[in-house]
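S.K.: Residue numbers (the numbering used here), protein chains in the order written: chain X, 1 to 312; chain R, 1 to 190.
Hints listed in this document are in silico derivations from the structure and should not be mistaken for laboratory results.
Glycine included, each C-beta is placed from N, C-alpha and C at the ideal position.
Don't take every hint at face value.
Claimed, not checked - Taking lysine-lysine and the DSS-like style, the derived pairs with C-alpha atoms no more than 27 Å apart in a straight line are:
hint, chain 1, residue 1, chain 2, residue 2
1, R, 34, X, 265
2, X, 169, R, 34
3, X, 169, X, 255
4, X, 265, X, 255
5, X, 215, R, 34
6, R, 86, R, 109
7, R, 34, R, 109
8, R, 34, X, 295
9, R, 109, R, 153
10, R, 164, X, 255
11, R, 153, R, 164
12, R, 42, X, 169
Unchecked claim - Residues from chain X that face chain R, not an exhaustive set, calculated with beta carbons under 8 Å:
hint, residue
13, 19
14, 23
15, 91
16, 102
17, 165
18, 167
19, 178
20, 184
21, 228
22, 231
Stated by the list, open to error - Over the 10 Å line for every Cβ pair with chain X, so calculated as not near, a few chain R residues:
hint, residue
23, 1
24, 23
25, 30
26, 32
27, 36
28, 77
29, 78
30, 80
31, 87
32, 110
33, 138
34, 172
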Amino acid sequence: MSEAHDWPPSCAIETLHARAAALAATRAFFAERGVLEVNTPVLASHTVLDPAIESIAVGGRYLQTSPEYHMKRLLAAGAPSIYQLGPVFRQGEQGRWHNPEFLMLEWYRLDFDANRLMLEVEELVDCLLSPAPYLCIPYRQLLADRFDIDIDTASVDDLADICAQLGYKASSTSRTEEALDLMLAAALADRGEGRVFVTEYPPDQAALARVNASKRRPHAERFELVINGVEIANGYHELADPDELAQRMAADTEKRRASGLCVPKPDERLLAAQRHGLPNCAGVALGFDRLLALKLGTDGISPVLAFDWNRA
Amino acid sequence: MATYATNEFRPGLKVLLEGSPCSILENEFVKPGKGQAFSRVKFRNLNTGRVWERTFRSGETIEGADVLETDMEYLYNDGEFWHFMKTDGSYEQFEAAAAAVGDARQWLKEQDVCSVTLWNDSPISVVPPNFVELQVAETDPGMRGDTAQGGNKPATLSTGAVIKVPLFIEIGEVLRIDTRTGEYVSRVRD
Numbered sequence: 001m002s003e004a005h006d007w008p009p010s011c012a013i014e015t016l017h018a019r020a021a022a023l024a025a026t027r028a029f030f031a032e033r034g035v036l037e038v039n040t041p042v043l044a045s046h047t048v049l050d051p052a053i054e055s056i057a058v059g060g061r062y063l064q065t066s067p068e069y070h071m072k073r074l075l076a077a078g079a080p081s082i083y084q085l086g087p088v089f090r091q092g093e094q095g096r097w098h099n100p101e102f103l104m105l106e107w108y109r110l111d112f113d114a115n116r117l118m119l120e121v122e123e124l125v126d127c128l129l130s131p132a133p134y135l136c137i138p139y140r141q142l143l144a145d146r147f148d149i150d151i152d153t154a155s156v157d158d159l160a161d162i163c164a165q166l167g168y169k170a171s172s173t174s175r176t177e178e179a180l181d182l183m184l185a186a187a188l189a190d191r192g193e194g195r196v197f198v199t200e201y202p203p204d205q206a207a208l209a210r211v212n213a214s215k216r217r218p219h220a221e222r223f224e225l226v227i228n229g230v231e232i233a234n235g236y237h238e239l240a241d242p243d244e245l246a247q248r249m250a251a252d253t254e255k256r257r258a259s260g261l262c263v264p265k266p267d268e269r270l271l272a273a274q275r276h277g278l279p280n281c282a283g284v285a286l287g288f289d290r291l292l293a294l295k296l297g298t299d300g301i302s303p304v305l306a307f308d309w310n311r312a
Numbered sequence: 001m002a003t004y005a006t007n008e009f010r011p012g013l014k015v016l017l018e019g020s021p022c023s024i025l026e027n028e029f030v031k032p033g034k035g036q037a038f039s040r041v042k043f044r045n046l047n048t049g050r051v052w053e054r055t056f057r058s059g060e061t062i063e064g065a066d067v068l069e070t071d072m073e074y075l076y077n078d079g080e081f082w083h084f085m086k087t088d089g090s091y092e093q094f095e096a097a098a099a100a101v102g103d104a105r106q107w108l109k110e111q112d113v114c115s116v117t118l119w120n121d122s123p124i125s126v127v128p129p130n131f132v133e134l135q136v137a138e139t140d141p142g143m144r145g146d147t148a149q150g151g152n153k154p155a156t157l158s159t160g161a162v163i164k165v166p167l168f169i170e171i172g173e174v175l176r177i178d179t180r181t182g183e184y185v186s187r188v189r190d
């Protein structure tokens, strides 16, 4: 398409007002609770090692995919509960509900666990959308209800069969985690309308959440909020143990290497900060554009962005 | 034939899926924040017209299909095949089997120009013109004086198609038909 043709914004002018109002309401929400707004670097020397997230490299640095590492360094240095509203970047993520650059709201609460943070997420979402009931469904149960399967005992073939029924075409043998991602996406899409917290993730999907080993079934203290099938927020009772953090970074590095992905260096500063001591806290990242799209009832996020990727 | 990766899947792209030529209708990027990226794709199977939904890992490739839609003049039916000729001046002829012609057969009149889809140079589907003019071969006698409204009756056309027509229509008249709905539009006067 010609560039002269698509100069106008992706959104309507009224949408700019709705966005500004939602941002103001969010800042008021945190001001009322004494959570401090911070700004951390967008372009930095390190980035995440998560094998499913690709960073965009610029001038030998990386556009941040989330402000997590910097915010945790602030917490380790003695900052109180903090929040940040800022752009984040993810290579290649473009679609109806994705834009490679998007606005993330991320916040950390000292002395909160996952459950307490979920309540606060509900309060914020109720304030920005309108109040509605929330369901809490553990990850394993969500898949058991939809596919009649126990993922802890299911074989790789069982999972592959389900994926084949879902119309999955893979040229190479699919990995268990890939099958689970696909099944979770299908299970959530099939639930349709409503607000659902997916909780108690399997330990190997902990990302940077702490793992609860005390119950009969170990699980990560991680949650995701899904509204009308759209993933809105992802939160953790944050992993504090620096040795385990180092192990997970090494494991992610190994996965990236094995998959032929680029392998950024682990962030030594984050490790050092956590050796210094990350206070007991829970944190969550929320896709602000998606929430705004749900508020305005648009089919995807382009209509709530001033300029989407194709016009930027 | 070229192969296409999921990020090149666009509506209208013709690809080979499970041995059948398909046209992509929709490609949705699906990715959990911390998970694998997928493409959820809707295809139209060009052989059967059915819609298929498949999910691919991002970056997977599939083979393109040599599919071409082209205008052709309908020539004749030899009892087994329907014969068509390109209208581009090449006079190149193709024969289409019953499966490819499908329901279009009831609207085919010699010299009408149809849209024929070729896969590896063989017709796999035929779309008749939106409007065709066909003669009434058989219908009950017309009822004079009732020309404006009220009631209809079946009429068999020269091609064998049976449609509903107003009561005043007579055998031998030429009618204009919308092939997309199979409905009578009007009488055609000389």
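S.K.: Hey, does residue 36 (chain R) actually stay past 10 Å from chain X on C-beta?
M.R.: violated (5 Å)
S.K.: Non-interface claim for residue 110 (chain R): all C-beta distances to chain X beyond 10 Å?
M.R.: Holds, since 43 Å exceeds 10 Å.
S.K.: Hey, does the residue 184 (chain X) contact hint survive, CB to chain R under 8 Å?
M.R.: holds (7 Å)
S.K.: Confirm or reject the statement that residue 87 (chain R) sits farther than 10 Å, beta carbon to beta carbon, from all of chain X.
M.R.: holds (31 Å)
S.K.: Quickly compare the C-alpha distance for residue 86 (chain R) and residue 109 (chain R) to 27 Å and report which way the hint goes.
M.R.: Holds, because 16 Å separates the two Cα atoms, which is no more than 27 Å.
S.K.: Would you check the hint for residue 34 (chain R) and residue 265 (chain X), treating anything up to 27 Å between C-alpha atoms as holding?
M.R.: holds (19 Å)
S.K.: Does residue 231 (chain X) meet its interface restraint, that is, does its C-beta lie within less than 8 Å of any C-beta in chain R?
M.R.: holds (6 Å)
S.K.: Would the least Cβ to Cβ distance between residue 77 (chain R) and chain X come out above 10 Å?
M.R.: holds (38 Å)
S.K.: Test the statement that residue 172 (chain R) is away from the interface with chain X: the closest C-beta pair must be farther apart than 10 Å.
M.R.: holds (53 Å)
S.K.: Does the alpha-carbon distance linking residue 153 (chain R) and residue 164 (chain R) stay inside the 27 Å limit?
M.R.: Given that 27 Å is the threshold and the Cα spacing comes to 5 Å, the pair holds.
S.K.: Report holds if the minimum CB distance from residue 78 (chain R) to chain X is greater than 10 Å, and violated otherwise.
M.R.: holds (40 Å)
S.K.: Please verify that hint: residue 178 (chain X), Cβ, nearest Cβ of chain R, below 8 Å or not.
M.R.: Hint holds; residue 178 (chain X) Cβ to chain R Cβ min 5 Å, cut 8 Å.
In summary, the numbered hints that this structure violates are 7, 10, 13, 14, 15, 16, 17, 21, 25, 26 and 27.
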